[in-house]
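Residue numbers (our numbering), protein chains in the order written: chain P, 28 to 335; chain U, 788 to 931.
Derived from the structure by calculation, the hints contain no laboratory data.
Fair warning: this is a prediction, and the values are worked out from it, not measured in the lab.
Cβ atoms here follow ideal geometry from the backbone N, Cα and C, with glycine treated the same way.
A portion of the hints provided could be inaccurate.
Claimed, not checked - Calculated lysine-lysine pairs in the DSSO-like style (CA-CA distance at most 30 angstroms, straight line):
{"#": "1", "chain 1": "P", "residue 1": "K229", "chain 2": "U", "residue 2": "K879"}
{"#": "2", "chain 1": "U", "residue 1": "K817", "chain 2": "P", "residue 2": "K229"}
{"#": "3", "chain 1": "U", "residue 1": "K867", "chain 2": "U", "residue 2": "K878"}
{"#": "4", "chain 1": "U", "residue 1": "K818", "chain 2": "P", "residue 2": "K148"}
{"#": "5", "chain 1": "P", "residue 1": "K148", "chain 2": "U", "residue 2": "K817"}
{"#": "6", "chain 1": "U", "residue 1": "K888", "chain 2": "P", "residue 2": "K229"}
{"#": "7", "chain 1": "U", "residue 1": "K879", "chain 2": "P", "residue 2": "K148"}
{"#": "8", "chain 1": "P", "residue 1": "K148", "chain 2": "U", "residue 2": "K910"}
{"#": "9", "chain 1": "P", "residue 1": "K229", "chain 2": "U", "residue 2": "K878"}
Stated by the list, open to error - Covered stretches of chain P, going by a simulated chain U footprint (3 or more residues, C-beta under 8 angstroms):
{"#": "10", "stretch": "188-195"}
{"#": "11", "stretch": "206-216"}
{"#": "12", "stretch": "263-271"}
{"#": "13", "stretch": "303-314"}
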Amino acid sequence: MVSESNLERLLTDGQFVVCGEMSPPQGADKAAILKKCDYFRNVVDAVNLTDNQTAIVRMSSVMSSVFALEGGVEPIMQITCRDRNRLAQQSDILGAYAAGVRNVLCLTGDYMTFGNHPDAKGVFDLDSVQLIHTVADMNEGRFLCGEEMKTPPRMFIGGAANPFAEPFDLRIMRLGKKIHAGMRFVQTQPVFDFPRFDRWIKAVRDEGYDREAYILAGVMPVKSVKALDYMRESVPGMSIDDEYIDRMKSADDPKEEGVRICVETIKRLKETPGVSGVHIMPVMWESITPRIVEESGLLPRPAGGQPE
Amino acid sequence: MSKLTEGLAGFVLKHPALHKCALLAENIIKKPVFRCQDCGQCVLSYNGYTCPMRCPKQIRNGPCGGTRANGHCEVYPERKCIWWLINERSKKLGMQGKLRKYHIPVDRRLEHTSAWMNVFAGKILPISLHRDLTKKELGELKEK
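Make a model of the complete structure from these sequences and hints.
Below you can see the structure in the form of structure tokens.
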């Protein structure tokens with residue numbers, strides 16, 4: 028164990044963990060974050076705070092993570108390579124750690140043209156694997172340039188993996204690269220295609236990667252068949268099984284069906300060897316999280332160390 | 788690399804006219820054949836002779852999570868994902884093992900300079916993780 032992250036402690040203890048995710052507000056609204064914290068406190072073990080997700084401007088993930096701490100929720104600060112160069116990324120890590128943030132999720136970031144400033148310049152100074160390596164180096168007391176620092180952070184380092192995108196063999200190879208660079212936990216894209224996920228997790232187990240990093244499988248409650256169709260058509264690298272489309276289409280109450288599918292998925296993932304937890308991504312539907320965790324039989328959550 | 792080639796390459800890099808000639812010679816091949824993006828620190832030989840800097844996100848440790856089911860790029864749906872191409876060509880050339888290699892961040896000072904001269908002048912760092920480097924190599928890294 029390297030950090031004071033509660034998430035890490037639970038994973039080390041062998042608990043099946045539950046993460047949530049919230050989008051910071053598109054405005055200077057701290058109260059919005061505190062309100063969303065009410066849906067997550069004592070319901071999940073840690074919550075992702077996204078970093079300008081889908082390249083749409085929102086409150087910074089650093090400050091949102093700090094507000095989440097105030098709201099009694101352990102944050103997982105997302106940090107992308109799209110908007111900041113290696114200097115800014117390292118200074119954000121230092122600041123966030125000093126403020127009490129203990130988990131960081133390193134991502135490349137969605138391309139600018141998907142968001143609301145398609146005319147922006149993308150930075151992409153580092154890629155996500157290099158960013159993971161950078162944070163791992165900082166944990167050991169070194170900046171990326173090799174210079175040493177007096178008071179290093181001790182972050183629990185995460186990254187992403189997409190089991191559903193092509194080419195399959197590179198997905199496994201890149202996961203290994205990230206682990207070698209210092210990644211300790213992985214969050215995946217939402218699972219809507221079990222045959223593909225099972226194939227991926229088997230390959231992960233065969234390589235032994237599930238013992239080197241904790242695999243947290245993504246799940247997403249959806250409100251309508253439209254949301255699934257949108258993901259299938261417009262989110263590259265996503266795979267949706269026809270079964271779910273049919274179920275959502277023929278459901279009398281699509282919202283209820285969405286919850287049912289999500290709960291079923293979590294229960295199945297819990298039984299899947301190699302999976303150490305789930306990451307619930309209720310996009311714009313954070314309020315449903317407590318119900319999903321409860322119906323999945325994952326409440327109460329193990330008592331954690333209080334977020335500092 | 789011998790002291791002589793190192794000195795020669797260093798000399799070329801210091802003199803704009805010579806450097807221009809070296810760049811021209813390099814680009815005549817690399818631009819049309821590999822669509823070289825001029826990063827000045829070539830990794831073609833690791834990646835099935837396909838340049839990862841052509842990726843819109845310039846990911847040297849790719850691919851990103853957005854490769855489409857048909858192997859196309861998430862940003863430019865009409866193009867193939869560079870990493871999809873890298874994988875295909877590496878397989879054909881029997882070089883897939885090289886894809887496991889970790890690539891250090893790009894040295895932005897070397898952009899638009901001759902990668903060949905940079906290699907001869909010893910300006911390219913070993914491609915590995917800091918913690919895998921020896922103390923001496925780390926020191927050299929700091930100096931550069």
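Cross-check of the supplied hints:
| no. | hint | result |
| --- | --- | --- |
| 1 | P:K229 - U:K879 | holds, 26 angstroms |
| 2 | U:K817 - P:K229 | violated, 40 angstroms |
| 3 | U:K867 - U:K878 | holds, 16 angstroms |
| 4 | U:K818 - P:K148 | holds, 24 angstroms |
| 5 | P:K148 - U:K817 | holds, 26 angstroms |
| 6 | U:K888 - P:K229 | holds, 23 angstroms |
| 7 | U:K879 - P:K148 | violated, 35 angstroms |
| 8 | P:K148 - U:K910 | holds, 28 angstroms |
| 9 | P:K229 - U:K878 | holds, 22 angstroms |
| 10 | 188-195 | holds (count 5) |
| 11 | 206-216 | holds (count 3) |
| 12 | 263-271 | holds (count 3) |
| 13 | 303-314 | violated (count 0) |
The structure is inconsistent with the numbered hints 2, 7, 13, although it conforms to all the rest.
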